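Student: Below are the chains, spelled out letter by letter.
Protein chains: 2
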Amino acid sequence: MPKLDLSQLPSHSNCSYPGKLSDGFEGRSAQALGDPSGITQFGVNIVTLQPGAQSSLRHYHIQQDEFLMMTEGELVLIDDDGEHVMRPGDCAAFPAGDANGHHLINKSDVPAAFLVVGTRTPTETAIYSDIDMKVEVDADGYSFTRKDGSPLTADQIGDKND
Amino acid sequence: MPKLDLSQLPSHSNCSYPGKLSDGFEGRSAQALGDPSGITQFGVNIVTLQPGAQSSLRHYHIQQDEFLMMTEGELVLIDDDGEHVMRPGDCAAFPAGDANGHHLINKSDVPAAFLVVGTRTPTETAIYSDIDMKVEVDADGYSFTRKDGSPLTADQIGDKND
Numbered sequence: 001m002p003k004l005d006l007s008q009l010p011s012h013s014n015c016s017y018p019g020k021l022s023d024g025f026e027g028r029s030a031q032a033l034g035d036p037s038g039i040t041q042f043g044v045n046i047v048t049l050q051p052g053a054q055s056s057l058r059h060y061h062i063q064q065d066e067f068l069m070m071t072e073g074e075l076v077l078i079d080d081d082g083e084h085v086m087r088p089g090d091c092a093a094f095p096a097g098d099a100n101g102h103h104l105i106n107k108s109d110v111p112a113a114f115l116v117v118g119t120r121t122p123t124e125t126a127i128y129s130d131i132d133m134k135v136e137v138d139a140d141g142y143s144f145t146r147k148d149g150s151p152l153t154a155d156q157i158g159d160k161n162d
Numbered sequence: 001m002p003k004l005d006l007s008q009l010p011s012h013s014n015c016s017y018p019g020k021l022s023d024g025f026e027g028r029s030a031q032a033l034g035d036p037s038g039i040t041q042f043g044v045n046i047v048t049l050q051p052g053a054q055s056s057l058r059h060y061h062i063q064q065d066e067f068l069m070m071t072e073g074e075l076v077l078i079d080d081d082g083e084h085v086m087r088p089g090d091c092a093a094f095p096a097g098d099a100n101g102h103h104l105i106n107k108s109d110v111p112a113a114f115l116v117v118g119t120r121t122p123t124e125t126a127i128y129s130d131i132d133m134k135v136e137v138d139a140d141g142y143s144f145t146r147k148d149g150s151p152l153t154a155d156q157i158g159d160k161n162d
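Same order as they appear, the protein sequences are chains A and B.
Reading the first sequence from the start, the letters are residues 1 to 162 in UniProt numbering.
Reading the second sequence from the start, the letters are residues 1 to 162 in UniProt numbering.
Just chain A, same shape as in the assembly (with noise of 0.2 Å):
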């Protein structure tokens, strides 16, 4: 039914970056809403952080509109204007090809969530901004390259087999 009971919907930690780019993800975990729901144009996760972990390495979509919600807790948002505090109610947007790379962080001694809706697309690329990172996504998974489309260097993600 179009209600959803999120105490019966699964929260997972999985983080696709390679080798040691996934390091220190531990405390971010994302409870995936639109699939279990039957909803396909975009995509609805609250993403839950301990204190001290991020969202996601600084990114921004090519494709992709995106928007977040804060729900609990308190995050810092940053941006290449530099850092927001963000409260529950407090909103942002990230429209598809803005180069204003983003992400949050916990700095908080507490759990803090968001809501975040994605637009959902064939193809979809992601830039980084804070390292020499993009990746190329569509039905066959992610892939992860340097800005110029040349293989990641062990330099960059170590020698995890993974």
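Just so you know, these hints were derived from the structure itself, not from any lab.
Treat the hints loosely; a few may be bogus.
For identical chains, the list gives no copy identity; a pair is met inside one copy or between any two copies.
[What the hints assert, rightly or not] With a cut-off of at most 25 Å between alpha-carbon atoms, the simulated SDA-like pairs for lysine to any residue come out as follows:
hint, residue 1, residue 2
1, Lys3, Ala96
2, Lys3, Thr125
3, Lys3, Asn45
4, Lys3, Ser29
5, Lys3, Ala30
6, Lys147, Gln63
7, Lys20, Asp159
8, Lys147, Val135
9, Lys107, Ser56
Note that the structure is predicted; figures quoted are calculated from it, not measured.
Given chain A, work out where chain B should sit, using these hints.
Tutor: Same frame as chain A, now just chain B:
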């Protein structure tokens, strides 16, 4: 910048329903968050309902997914399965084409509000569950008719010239 200053975004109480069908929507207001932030792929609104107000006539969308999260107060979600109490943090999703029409009513004595997201598509049709009406939306605006496409009657909408 990405973080929105909600105190600076206007609310409106416009109601597009024809004739007397727009009666009783004075207690509904919506604050658009998508347009001011440059997002184009989905719409985002915070809808506030005063005591007694409803979100819309009960309806479902043919082409557009819809998702909402309660942010304030208490509302009753009405769908084919009956009434469901919605409190802050509660979510509901309405996949495109799912013929389970819905709306929300404020049966409490204080204002209540929810965040709602809907895909933007070039055209859209919505079907009203409890009356013989549909609406077709395109770049030219809204066209309300009976479900068979014939004009609404004075019996349905009165003779108000709007």
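Student: So which hints don't hold here, by number, going up?
Tutor: none
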